Every structure is written in structure tokens, then in C-alpha cells.
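J.: Spelled out from the first residue to the last, the chains are:
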Amino acid sequence: SQQGEEDPQALSIQEGENATMNCSYKTSINNLQWYRQNSGRGLVHLILIRSNEREKHSGRLRVTLDTSKKSSSLLITASRAADTASYFCATHQAGTALIFGKGTTLSVSS
Amino acid sequence: EPEVTQTPSHQVTQMGQEVILRCVPISNHLYFYWYRQILGQKVEFLVSFYNNEISEKSEIFDDQFSVERPDGSNFTLKIRSTKLEDSAMYFCASSDGTATEKLFFGSGTQLSVL
Chain A
1 SQQGEEDPQA
11 LSIQEGENAT
21 MNCSYKTSIN
31 NLQWYRQNSG
41 RGLVHLILIR
51 SNEREKHSGR
61 LRVTLDTSKK
71 SSSLLITASR
81 AADTASYFCA
91 THQAGTALIF
101 GKGTTLSVSS
Chain B
1 EPEVTQTPSH
11 QVTQMGQEVI
21 LRCVPISNHL
31 YFYWYRQILG
41 QKVEFLVSFY
51 NNEISEKSEI
61 FDDQFSVERP
71 DGSNFTLKIR
81 STKLEDSAMY
91 FCASSDGTAT
101 EKLFFGSGTQ
111 LSVL
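In order, the protein sequences belong to chains A and B. Per the working numbering, the first sequence starts with residue 1, numbered consecutively. Per the working numbering, the second sequence starts with residue 1, numbered consecutively.
Just so you know, these hints were derived from the structure itself, not from any lab. Where hints are given, some of them may not hold.
[Stated by the list, open to error] With a Cα cut of at most 27 Å, we get these calculated BS3-like pairs of lysine-lysine:
#1 K102(B) x K69(A)
#2 K102(A) x K57(B)
#3 K78(B) x K26(A)
#4 K42(B) x K56(A)
#5 K42(B) x K70(A)
#6 K26(A) x K102(A)
[Claimed, not checked] One side of the interface only, derived from the structure: several residues of chain B facing chain A at Cβ under 8 Å:
#7 R22
#8 Y33
#9 V43
#10 F45
#11 S48
#12 E56
#13 F91
#14 G108
This structure is a prediction, so every number in the text was calculated from the model and none was measured. Note that the Cβ used here is the ideal one computed from N, Cα and C, for glycine as well.
Based on the sequences and whatever the hints tell you, model everything.
T.: Printed below as a string of C-alpha cells:
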């Protein structure tokens, strides 16, 4: 399966700290995406990184991709209470649907 | 900003009953999806739909499930005879002409099978 697996399952930090979440997958991919889910809500796309890219930034988000290790990381800098949510990586292989991992639950306390 | 709309937000049904979950994807999107999430667990792919036919389905999407785009705006998921294990949050998603580049999700329908 190309399913991503996030690590850690849960992360608790203080406001202002950085949060790092990791994702590992099993097969070659076209791209890897990160989504956020607030409790009881739908998923919201955060950032996409293609297989030929190594790093991408969007605001306070930084995503890295290591295709040799089949892993990605999402860094949220200077976290805020509003960043409290579940974060999912999703992998896309050519001709197949986007497949999600189990997610990391991030709690940011003020 | 355009959004994917799902109705109802909550659906309670008896085991064995048929349910239809409704979705209005973003108007210029071409690819449509259903995913589900059992409470606290991963988001599972069910089916993708393009050009009025199923393009891919998972092993979850058995003969009890069907999808339809009955008109130019709605996209529905039907479960013919619901089981207790069908209880989950069902998400509809859509994407534009670049398949699976970025999915836009609705807020979901919470299905409870009693």
C-alpha cells in the first residue's frame, strides 16, 4: 500500500514552539500533500510537494520530502492555539486516488 | 470562496435501510470523490468519479454502495442496505482538471446506523 503513516500520533506543545510531524510511505509517488482537519470538520489542503521537489514553504509551514527514504516532514513554526487540529499526509501515485495516513493530532496550549 | 456542500450534516438510520448522502461539488470541478472516517481513525478512500463513471474504487466500496451524478450539480452516495459498521463521517471532495492535485472537501455527513 502507498498509504502514508504519520508520526507521532499525538503532539502537545506550547504556543510559540515549533511542531514537526513526519510521514512515511511505501511506494513511489507523484506528489505528497498535507491536510488539516479541525475537530468534526472536513479536511483542508495545506501544501503539496511533488516528487522532484525537496522542500517547500507556505507561510509558517515548511514541508520536506526525501524520496530515497520515502518520508516527508511538516514543520509548523511559531505555533498558535488555532493550529490545534489533526494533520494528515496524503500520497498520490499516478492513476490512483489520494490515500491518507492516520494523522497526527496536534494540541497547542496557550 | 467556492466550497463543497454536503447534506444532511447528520443522518440516523436503522440497520438495513437505504441512505443517500448528497454533495454539491465546486461547479467547475471535474473529479469527484467519497471518503469516510470512522471516529478517531484514518480517512479512507471509497470511490472516485470522472466523466460520469467510476474511475477507481476501494475494497470498501462493495455492491452495497453506488454513486451517481444525477444532474450537473449533485453527486450522491447511496448505501443500499446499511450495516452497523457503516457508521462513520462521510466526506465528499472534488478537484479541478488536474486529477488529485488538490482536493476540496465538504464538511461531511455523520451517518449513524442503529
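J.: None of the hints should be skipped; say for each whether it holds.
T.: Hint check:
1. Restraint check: the Cα-Cα separation between K102(B) and K69(A) comes to about 24 Å, which is no more than 27 Å; the hinted pair holds.
2. With a C-alpha separation of about 19 Å, the suggested pairing of K102(A) with K57(B) holds against the 27 Å cut-off.
3. Of the supplied pair hints, the one linking K78(B) and K26(A) is violated, its CA atoms being roughly 32 Å apart against a limit of 27 Å.
4. At roughly 25 Å between alpha-carbon atoms, K42(B) and K56(A) fall within 27 Å of each other, so this suggested pair holds.
5. Restraint check for K42(B) and K70(A): the C-alpha separation of about 20 Å stays at or below 27 Å, so the hint holds.
6. At roughly 14 Å between alpha-carbon atoms, K26(A) and K102(A) fall within 27 Å of each other, so this suggested pair holds.
7. Among the interface hints, the one on R22(B) is violated; its C-beta lies about 15 Å from the nearest C-beta in chain A, farther than the 8 Å criterion.
8. A cut of 8 Å between beta carbons decides the hint on Y33(B): the least distance to chain A is about 7 Å, and the hint holds.
9. For V43(B), the interface hint holds, since its Cβ comes within 8 Å of a Cβ in chain A; the closest pair sits about 4 Å apart.
10. Interface restraint check: F45(B) against chain A, minimum CB-CB distance 5 Å, threshold 8 Å, status holds.
11. Here the hint on S48(B) is kept, as its CB sits about 5 Å from the closest CB of chain A, short of 8 Å.
12. The interface hint given for E56(B) is met, as the beta carbon of that residue sits about 5 Å from the closest beta carbon of chain A, less than 8 Å.
13. The criterion of a C-beta within 8 Å of any C-beta in chain A is met by F91(B), whose closest approach is roughly 6 Å, and the hint holds.
14. At about 6 Å, the closest approach between the beta carbon of G108(B) and any beta carbon in chain A falls short of 8 Å, and the interface hint on this residue holds.
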